[in-house]
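Chemist: The sequence shown begins at 20 in my numbering and counts up by one.
No lab work stands behind these hints: they were computed from the structure.
Even glycine gets a Cβ: it sits at the ideal position worked out from N, Cα and C.
Incorrect hints may appear among the rest.
Derived Cβ-Cβ restraints for the label pairs, each shown as a range [as the list claims (entries may be wrong)]:
id, residue 1, residue 2, range
1, P207, E118, 20 to 26 Å
2, G485, D151, 47 to 53 Å
3, E352, E315, 40 to 46 Å
4, L429, K122, 48 to 54 Å
5, V163, Y66, 25 to 31 Å
6, P476, E315, 33 to 39 Å
7, Q382, E352, 43 to 49 Å
8, Q436, H240, 34 to 40 Å
9, G252, T473, 48 to 54 Å
10, Y66, E45, 40 to 46 Å
EDC-like cross-link-like pairs, simulated, lysine to aspartate or glutamate; straight-line CA separation at most 20 Å [stated by the list, open to error]:
id, residue 1, residue 2
11, K331, E73
12, K60, E24
13, K190, D151
14, K417, D443
15, K114, D63
16, K262, E110
17, K417, E396
18, K417, E457
19, K219, D399
20, K190, E148
21, K219, E24
22, K303, D383
23, K309, D383
24, K122, D203
25, K260, E110
26, K122, E44
27, K488, E457
28, K60, E177
29, K381, D301
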Amino acid sequence: MAVSEEWRQQWIEAVSKIRSNVSYEESAQQLRSLQQTGLLKLTDLKYNPGKFFEAHRLLARHAPNLGPGFWIRFTVHYNLFAGSVLAVGNEQQVKQLEEIQQKGFLGCFGLTEKLAGVNSGGVVNTIAEWDDQTQEFVITSPEVGAQKNWISQGLVGELAVVVADLRVAGKRCGAHAFLMELRDAKGPVPNVEFGDMGRKTVGNDLDNAWIAFHGARVPRHTLLSRYGDVQPGNGGTYVSKVKGLTNMAMIGQRLFSGRVAVAWAALTFTRKLFEMTRAYSDHKKCWIPKNSTLTEVPQLQHLYLRADETLKKLENFVGSCEKQLSDCLQKDEIPPMALQEAIASAKILASETSIDLCFRLKQDVGSHALMGDTGFEQMDFLQACKFAEGDSRILMQKLARDRVRISSPLGSSEEQQLAKELQDAMKGGAKAWDANFEKVYDLAWQVVQRNVATVCPGTSLRLPCGLSKL
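Starting from the given sequences, assemble the full structure and let the hints guide the process.
Modeler: Set out below in structure tokens:
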């Protein structure tokens, strides 16, 4: 569904009012007000994904001025929190999103733990035990490592989607999501403990919390039950509603939409920082050896051209991934493996190339990069993009592992050779993987290049400096 120019201008005007030199409570209030405009619905991820991604892009244009705080707060609420309800909630639970939006309630996403989360492949140690007598779930963090960690919006959100290992009648049923209340008018709900992760280099208008559950009780209806539910009686019985689909697999869909959104954010930040810097350098007089502008210094002039060419290629690649993913979202389908791999590649490339280009710009534009309000002070926005929804190195490890499991010929001769060498090395035991870590990342880069060439034929990109060998 195309985004109208009228909506686009309304959204641009709305987000132009956002400020970052505020407390995290005030920042949260800005998001409450923004969602209550109704310009972007909490259900648009599924029913109008084009608007969902465009909203993220337009907001990211302000990141060189605002930093990462509000953008992260926004995507946590719309993608991770509301998106998880859309993915695994039943019809009535999805309908709740309308009321949540009208009331201006905010939600967070409780997946990541101190010792588990995205990087662990979705394994969680938080426990949700079914109490058949009271027909409640008892949510517990059995140890410090099971406490939820780096939960954005966790100190202000009224609601949370909490991912926990469901146990019914003594049987483990795997990771499931619960839509639970964290706070009411009186304050935090009983048996839930919160702590502040501490001050960050940027984005301190965003609260990041650790959350511990000490036997918190939630009603049966809090289990997001589109694909699985618990029937009371005789200790309780777990019922899988759709054969071959698990709640965790569908929760994972938010990582795909999140990776596309993060990729766009990195590219949009980079575009804007280059625009802001070019506006300065076009008017900065300097001697080289004649009176001229800073833009005409050869290395900076070349960097501007190279950055524009590279960003166009990446925007085309990420745009193609978005288009395919949007089709899956609207059809309620899990993206095929080829698309999942392409999205991981897009997220790696967009974040790492953006870090590379912006660092080079910082080195070549002189003392301007030291000044406040130039955008350079917010470059850690890109650091957040690097590790959000799966760190670049972790995603590369996954790409390489998946490739090594394939025995048939695939990709370039270099990719096939690296895959064979790692397959042979692994015959000596699991430790061989770490011993050959440089080959692992070399193979992953070959997979990334293959994905780019498949989605956008004829396109090739340089290895970002951050992924080069030590």
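Chemist: Each hint should be assessed against the structure and marked as holding or not.
Modeler: These are the hints, each one checked on the structure:
no.: 1; hint: P207 x E118: 20 to 26 Å; result: holds, 21 Å
no.: 2; hint: G485 x D151: 47 to 53 Å; result: holds, 52 Å
no.: 3; hint: E352 x E315: 40 to 46 Å; result: violated, 51 Å
no.: 4; hint: L429 x K122: 48 to 54 Å; result: holds, 51 Å
no.: 5; hint: V163 x Y66: 25 to 31 Å; result: violated, 41 Å
no.: 6; hint: P476 x E315: 33 to 39 Å; result: holds, 36 Å
no.: 7; hint: Q382 x E352: 43 to 49 Å; result: holds, 45 Å
no.: 8; hint: Q436 x H240: 34 to 40 Å; result: violated, 55 Å
no.: 9; hint: G252 x T473: 48 to 54 Å; result: holds, 51 Å
no.: 10; hint: Y66 x E45: 40 to 46 Å; result: violated, 31 Å
no.: 11; hint: K331 x E73; result: holds, 17 Å
no.: 12; hint: K60 x E24; result: holds, 17 Å
no.: 13; hint: K190 x D151; result: holds, 13 Å
no.: 14; hint: K417 x D443; result: holds, 18 Å
no.: 15; hint: K114 x D63; result: holds, 13 Å
no.: 16; hint: K262 x E110; result: holds, 19 Å
no.: 17; hint: K417 x E396; result: violated, 32 Å
no.: 18; hint: K417 x E457; result: holds, 14 Å
no.: 19; hint: K219 x D399; result: holds, 10 Å
no.: 20; hint: K190 x E148; result: holds, 10 Å
no.: 21; hint: K219 x E24; result: violated, 37 Å
no.: 22; hint: K303 x D383; result: holds, 13 Å
no.: 23; hint: K309 x D383; result: holds, 19 Å
no.: 24; hint: K122 x D203; result: holds, 13 Å
no.: 25; hint: K260 x E110; result: holds, 14 Å
no.: 26; hint: K122 x E44; result: holds, 17 Å
no.: 27; hint: K488 x E457; result: holds, 7 Å
no.: 28; hint: K60 x E177; result: holds, 18 Å
no.: 29; hint: K381 x D301; result: holds, 16 Å
Of the hints listed earlier, those the structure fails to meet are numbers 3, 5, 8, 10, 17 and 21, in rising order.
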